[in-house]
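**Q** For reference, the chains in residue letters:
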Amino acid sequence: MTTLTKQTDRKMGLVIDLDTCVGCHACVISCKGWNTENYGAPLSDQDPYGADPAGTFLNRVHSYEVTPNEGHAQLVHFPKSCLHCEDAPCVTVCPTGASYKRVEDGIVLVNESDCIGCGLCAWSCPYGARELDLAEGVMKKCTLCVDRIYNENLPEEDRVPACVRTCPAGARHFGDLGDPDSAVSQLVAERGGMDLMPEMGTKPVNKYLPPRPKDRIEDQIDILAPLLAPVAEEPAGFLGWLDKALDKLPGGNS
Amino acid sequence: MHPAPSVIIFTTLSGLGFGLLAFLGLGMPSVTGWVAFVFYAIAYALAVGGLLASTFHLGHPERAWKAFSQWRSSWLSREGCAAVASLVVMGIYAAGAVFLQADWRLLGLLGAALSIGTVFTTAMIYTQLKTIPRWHSPLTPLVFLSFSVAGGALLAGQESLAPWLLAVAGAVQLIYWSKTDKALVKSGTDIGTATGLADRGTVRAFEPPHTGSNYLLREFVYVVGRKHALKLRVIGFALAFALPIALMVIPFSGLMLKHLMAGVAVLLHIAGVACLRWLFFAQAEHVVGLYYGKR
Ligand code: SF4
Ligand code: SF4
Ligand code: SF4
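From first to last, the protein sequence lines are chains A and B. Okay, so the first sequence: first residue is 338 according to my numbering, each after it adds one. Okay, so the second sequence: first residue is 55 according to my numbering, each after it adds one.
Bound conformation, chain A alone:
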């Protein structure tokens, strides 16, 4: 059914910390690994070892440069997977009912045996979270690792999405964003978690934690300065003599 319910019982999703993400792409690889071997059709690659490799991924990491009006530019690594939107346009546009949002936890999934691969859901997603698999001809998207989070065959610490489990920086958090007392909701409240493209009206469940203000190099030097010997602009003493002697050597004066 591709009509959306008013309210889901829980809002399971991810909180992604743009401050701690180091841009290592480990989540990209673990996501591809887990989801190629488990839920649904494998994530195919085309020409993987050739000149023009391409493939299906459910999670990708962009990198942006943010230049403030004053001060230094900052590099922000930006992981992006399905945001499991509350008002998911990808679900309502689907003609076959293959795309749906689960009432019990809000996870947006594709029933691959109903999908005709028309691609319209990917057209309707502002975030580029859906990719049509060229080998299978069906739509692939993040499943929130639905086959891990409730999987009693896995040890308890592994019952989180593969990307969350893998992230070496702890930049991805998983939980119920519909429960204001959950750890993820607290984190969002504390750090001012934000929506991507709120103007699209999709009401994403996943939140992004903005990068903390970058330390200023000027401030740092102030802190350390008293501990350091003053640095002479012009070298004096032995170093001064050496400097001059080296300058006199042929070809050394550049």
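It is possible that some hints are incorrect.
[Unchecked claim] Derived lysine-lysine pairs resembling DSS-like cross-links, with alpha carbons at most 27 Å apart:
| hint | chain 1 | residue 1 | chain 2 | residue 2 |
| --- | --- | --- | --- | --- |
| 1 | B | 240 | A | 540 |
| 2 | A | 540 | B | 348 |
| 3 | A | 343 | B | 236 |
| 4 | B | 236 | B | 348 |
Since the hints were derived computationally from the structure, they do not count as laboratory data. These figures come from a predicted structure and were not determined experimentally.
Take the given structure of chain A and dock chain B with the ligands to it, following the hints.
**A** Relative to the frame of chain A, chain B with the ligands by itself:
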């Protein structure tokens, strides 16, 4: 957006076919027997041919029948239902006209309404998408409907009506361009809102997530040929509207020549609409391009 040939052929031919069906349903011209057979054959070839072409871009065309199920929420599903309904209703009406010399007026009117409705549902598939600001405009259904009606009139041989309807469609196209060329900028969505980092400074895409291409870039970030857009607009406009109007209003002597020129006008119009449809897709910017620092 990637201008997939299957979708361009589909929207161009089906639009014309359903436009012609609408005129036939209205009894303009009111035809029976062999003449009706030829008219309906042309209309069905266009409408059904277009619909078949549209299934070529599906990953699983064999499951296309499942697309009739979600008409409550999905415009694509509604389009499928509307198309089948109009083809069935007009099929019965056509059978009456061809074999029984009958003119079942109410059925014809219903078929005409359904045919126009089908074109509207096609347009709404594109119009509904907020992610493509250029399409997310009431002008999009106007473009599809005015093109379909003008093309239908041309094919139905409505000599006095067709030039006017072509002129209207041409005007709608010009308004569409003037209003939607700035749609992405006006939508307020940019790399700043996409990343949520706008209030921290100027955001620039530094490194893409992958070195090669992918589905998103191929499907949504189509920039090839945009530099020829203006030339193609002029060519498309001339072929679709200006030349057919000229051919229809210039008084040719002789019935044979007149019919020949009407045929040429139809072919020019089809080529022009296909060209304008190519632009409709190729010039449409999807907001996901912003994540890649593109548009
Ligand atoms: S992020 Fe895209 S695919 Fe995921 S729920 Fe939202 S609109 Fe749908
Ligand atoms: S590609 Fe599949 S899931 Fe997406 S809208 Fe089409 S049928 Fe539905
Ligand atoms: S939750 Fe699972 S499917 Fe989604 S991005 Fe993470 S690893 Fe991939």
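**Q** Against this structure, judge whether each hint is valid.
**A** Hints, verified against the model:
{"no.": "1", "hint": "B:240 / A:540", "verdict": "holds, 21 Å"}
{"no.": "2", "hint": "A:540 / B:348", "verdict": "holds, 24 Å"}
{"no.": "3", "hint": "A:343 / B:236", "verdict": "violated, 34 Å"}
{"no.": "4", "hint": "B:236 / B:348", "verdict": "holds, 15 Å"}
Hint compliance for this structure: hint 3 alone is broken.
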